[in-house]
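Put together the whole structure using the sequences plus the hints.
Residue numbers (the numbering used here), protein chains in the order written: chain P, 1 to 248; chain F, 1 to 1012.
Don't take every hint at face value.
Under the rule of at most 27 Å between Cα atoms (straight-line distance), these lysine-lysine pairs were calculated in the BS3-like manner [to be verified]:
hint : chain 1 : residue 1 : chain 2 : residue 2
1    : P       : K220      : F       : K110
2    : F       : K838      : P       : K80
3    : P       : K192      : F       : K143
Because the hints were derived from the structure by calculation, they are not lab data.
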Amino acid sequence: MKKTTLLLLFISFLGNHAFSQTADEIISTYYENTGGIENWKKLEGITMFASVNQMGMEIPIEMIKLKNGNQLTKITFQGKEINQNVYDGKVLWGNNFMTQEAEKADQESTDNMKQEVLDFPDAFMNYKENGYTLEKMPDEDFDGTSCFKLKLTKKPMMVDGKEEQNVVFYYFDKDSFVPIGQQTEVKSGQMKGQMGEVKLSDYQEVDGLYFPFSMTQGLKGGEGQAIVMTKIALNPKVDGSIFTFPKK
Amino acid sequence: MRNAITLAACAAIIFNFQLFAQTKSNEKIKPIELQKYFGDLKGRHIGPALMSGRIIDMEAHPTNPRIIYAGTAGGGVWKSKDAGTTFFPIFDDYCQSIGAVELDPNDPDKIIYVGTGETWTRNSVSIGDGLYKSIDGGVNWKKIGLENSERIANIIVNPKNSNEIYVSVLGALWSDSPDRGVYKSMDAGQTWNKVLYVNPSTGCADLAMDPKDPSILYASMWEFRRTAWSFNSGGESSSLYKSIDAGKTWNKIHNGFPKGKLGRLAIAVAPSNPNILYTVIEAEEQKKKGIYRSDDAGANWKQLNNDFGITVRPFYFSRIVVDPKNPDVVVKGGLTGSISRDGGKTFKNLGNMHSDIHDVVFSINNSDVMYVGTDGGVYRSWDGGNTMEIVENLPLSQFYHISVDDETPYNIYGGLQDNGSWYGPSSSGGGISARDWNSVGMGDGFRVLKHPTKPIIYSEMQGAASVWRYNKKTNQVKTIQPLPQKGNPKLRFNWNAPMAVSTINPDRFYMGSQFLHKSDDMGDTWKIISPDLTTNDPKKQDQENSGGLSMDNSGAENHTTIFTIAESSLDENVIWVGTDDGNVQVTTDGGQNWTNTIKNAPGLPLNTWCYHIEASVHDKKTAYAVFDGHNSGDMKAYVYKTTDFGKTWKSITTNAIEIFARNIQEDYVNPDLLFLGTEFGLYVTIDGGKNWTKFTNKVPSTAIHFIDLQKTTNDLVLGTHGRGIIIIDDISPLRSINKQVLTKKLHFFESKPFYMDDQNGFAGSGGSFGAETQFVGSNPNSGVQIKYLLSKRHTFGKMSMEIQNMDGKKIISLTPGKSKGLNIVEWYYTMKAPKVAKAKTFSFGGFASPRVKAGKYKAVITKGKDTFEHVFEVAYDPKSTLSKEDIELKQQSVMKLYNLSEELAYIIYKLDTVVDICKKTKTKEALTSLKKTLVVTTGDNYVGSAEPQLREKVAELYSKIVSSYDKPSAAELDYLGVLSNRFDSSKVEFEKLLKKAKLKKVEFKSFEDFIK
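Encoded structure:
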């Protein structure tokens, strides 16, 4: 708690000097304010225990993301565990909801995931090495709050057989320099072409690093579905076999 | 005495000084930045899209056939990424009237130009505000100039040089303007030079570039002017020009053209052969009008065809498109659209679709595939224009007027440009889809009003040619428009003729020509209750000769007419009338005497169209009047308020309102809360007009022609001219936003009791059939809405929310909104779903959640160290037929099953734990056998599902009773007894086996911890 107060004091001081920031300075201050870039670089993995409220149910979700690209999302329904978006560096898979058996994702999604997992712990770390470009856009309000808007252009992705741009817009709170929102175009499905949006809040400290404990996802300007973290564990010890596509 | 006077004088001076000081300091106080506080208050778009709206310009991506753009008359720019199956909007924050869309052929995925301002210059056309550019495929936009262009006809980027851009500016419709002609930029739009200009009344209507040589350009210049009462197309200045030096010099290319004045000309170059050009000419002589072709790049022209389809309404249809592969396949815009396959000699109509075709684009790889822009949306053809199918998700409907009724859910009524009159619900099972809308009129629809108490709807078509009284219960219709009476002059009705109903006398119905007509029997008999209330200026009544080179007397220019009528809801003798030629007349004795109050409105130019009068519901002497001068080139907003029957009018506009306005809506509760509909969106004031703020939360910058406020729901309903109906649900929080509220960390808004609706029909599931590619309007929230205002966004630390009963016991957790400003959290009256036993598959019945009992509840928000509480009330559906005892029985039964499910889950948890560690094979087997009778242990969640066991049976019965509106039946109660007994005996058996297992060290979670 004390750390939060100190951080807030620090960031409100910074806020007064926030008028001529470049994109890299904003990122740099963001890392500085949320635990220091060196500490972020040391991070090997994250497990997030979360809960989603839907139709009167509080659905527990566990998300594991490792620096080596392995990741897994586990959803528990009526005591049954369903894995989704599991990736072992080669195969992207998940359990079918009907049979509960593991099934591979299509090759295009798998190839896109290969790119996506480079974003650890987030898309800004090593963004240049990853071949991304970062650009500052004119300032904009987000959630009624003055923000810096950054545009991150990643490598193009394939969508239904065609190459598409892969751009994410981030909104950094001018007072605290933490991202409070991000937007990206929905690439396929009924909502394709519309802007998807994530709102980030409830930043809290975990072993010296600050994470948003609440993320609300939806369409820009529409209603969203919140994921609320109950606990975040850093550098979890994970048996690597959980990411491997099970043999049938 | 003298001292006393001196003292009094001193006191007065001091008092005045204090007053002055106070005023001074008040002036310095910054107004509330309302924009930052709207938060979750946002527009809900309900369409309709079934008749869509007017399309101006179609654009195809030059290399990706899946990508198509549509520029629309009043609904912005829409993009399709699925070859025209569905579209989505990409330009909502900017002017929604579009003239041209262009992709940079050198970088078409990223660089898009949008020229604003429709170029099909009908009477109801909107205006543009310049040229925009996106460098990221339409996500972000920047205005790059030509701010005064008003309407942009074409944008062409040199396919060999992205920096070289040409823009044709048609320019101002209603006035002279130097901002017209052909503009060129050599720095990708940063700076512009005018390279072709004729005079202040002649703009560039069409521009084409030679597809092989970008230095060759063709420009058609058009002399045109519209007033509120006339239109003129054509003059000495209309011409077709050619430049062969990239716009430096221009020469007329009229060899073979008809003599005399010319009107609007279209120009097209065949993409596959740049020597072949087509133009369509509006000429003085009818037989010389039509399509002309040149086979030598414009040196000589030959007339080929002057059929009706080619010459009809040049101001509306001058567009020629040539097949990109075949120079002899030519499409011409028109009433039906025409296609030639012999180089323009003969034409046939395009396939059956909405009339009024404005643009066509061929798919880049297959000319059989065409996208056609009409007055009723975009159509696709797969067979070369023979069969047409409509794009079903373009909610571009152009309302002239809307109204609402007081049903539950309430309906919205309105009339549309070229698309008749309709009504539809504000909510519907599964969302508001095309099938929810009902037609109640033909032609151009305008005002549609519901009788206040009877199932009667009044609607009309243009110029009161028909005014319909439709009984929706008996499905009978009759026309009731006032007819000329003996001794009266010809009645002059506006194209958009005003009608009004009385809230005091429900059968009363008003219509306005130049006179005010009143009927007290729903239009069966009429009485004129005023003299001519207009200026009756004969110079503005010569519509027979309107149109210029092509006569165009559609009635759209009828002028010197009454346009708005408002009977005070506080006194039926007070009636306000506004006219299109700028009069505001009031009577306070039911029409015996009338006073023209217009001279009392300071700063208002003479004869400015009175678009709307809003009679205050708070005070009969008070009214608001909105004036629109755009049809004389005056784009300012004029909004006035009187508090003395018009003896004085005071302007309540500020510079924050960027464009002309048409409508104002007064709040029924807070007289200082007003909503203003302008040509570029919605404005709100919470201080009676001292400060106005643009409302942009999902309300695009579209023209808002009419606003209504539904009294029960407090929903603000916007009738837009390009984006259909947009509803802002429950604006009541705006009534109490003030500086005091904003000083609080968190402020809860008061709420009325919430009723748990018992309706549960099949509309939700049925509504989605066939709606995959349709626009479906979203429904309002139907649960409890907890509304609160945060003075600052919550970003750091934990913030959570619970619903508790009045004893502080948690019912359910909810996720609170964290935005600065208004947050709305919904709760659907349910507690948590029961804990269900773990098994091989899901028990779908167990996903249901029971509703709480009626009564008071608390929303408790914890934000850091602070806790905020708000008490609200939940009530049963007043339409419910259940007695108190029935409801009690239902709740008891549901909770019995709920508890049974959780207890069974606990037994299975314990059983699984024991089986895992028990070493006694027989006991283990017995436990496993028992489990097989309690939950399914095989199968899947689909057709491979296993035979249901106790868990599934309990869940099924539970869900059956939970989801019913009714009390449990005798059979259901019997079955509940059976299941309950089975559970009891299973429990006994489990306890026995548990003892048999004789486990020493086993620690089970407590039941309370387990179900958490």
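Taking the hints in turn, this is what the structure says about them:
1. P/K220 / F/K110: Status holds; Cα separation ~21 Å.
2. F/K838 / P/K80: Status holds; Cα separation ~7 Å.
3. P/K192 / F/K143: OK: P/K192 and F/K143 at ~26 Å, within 27 Å.
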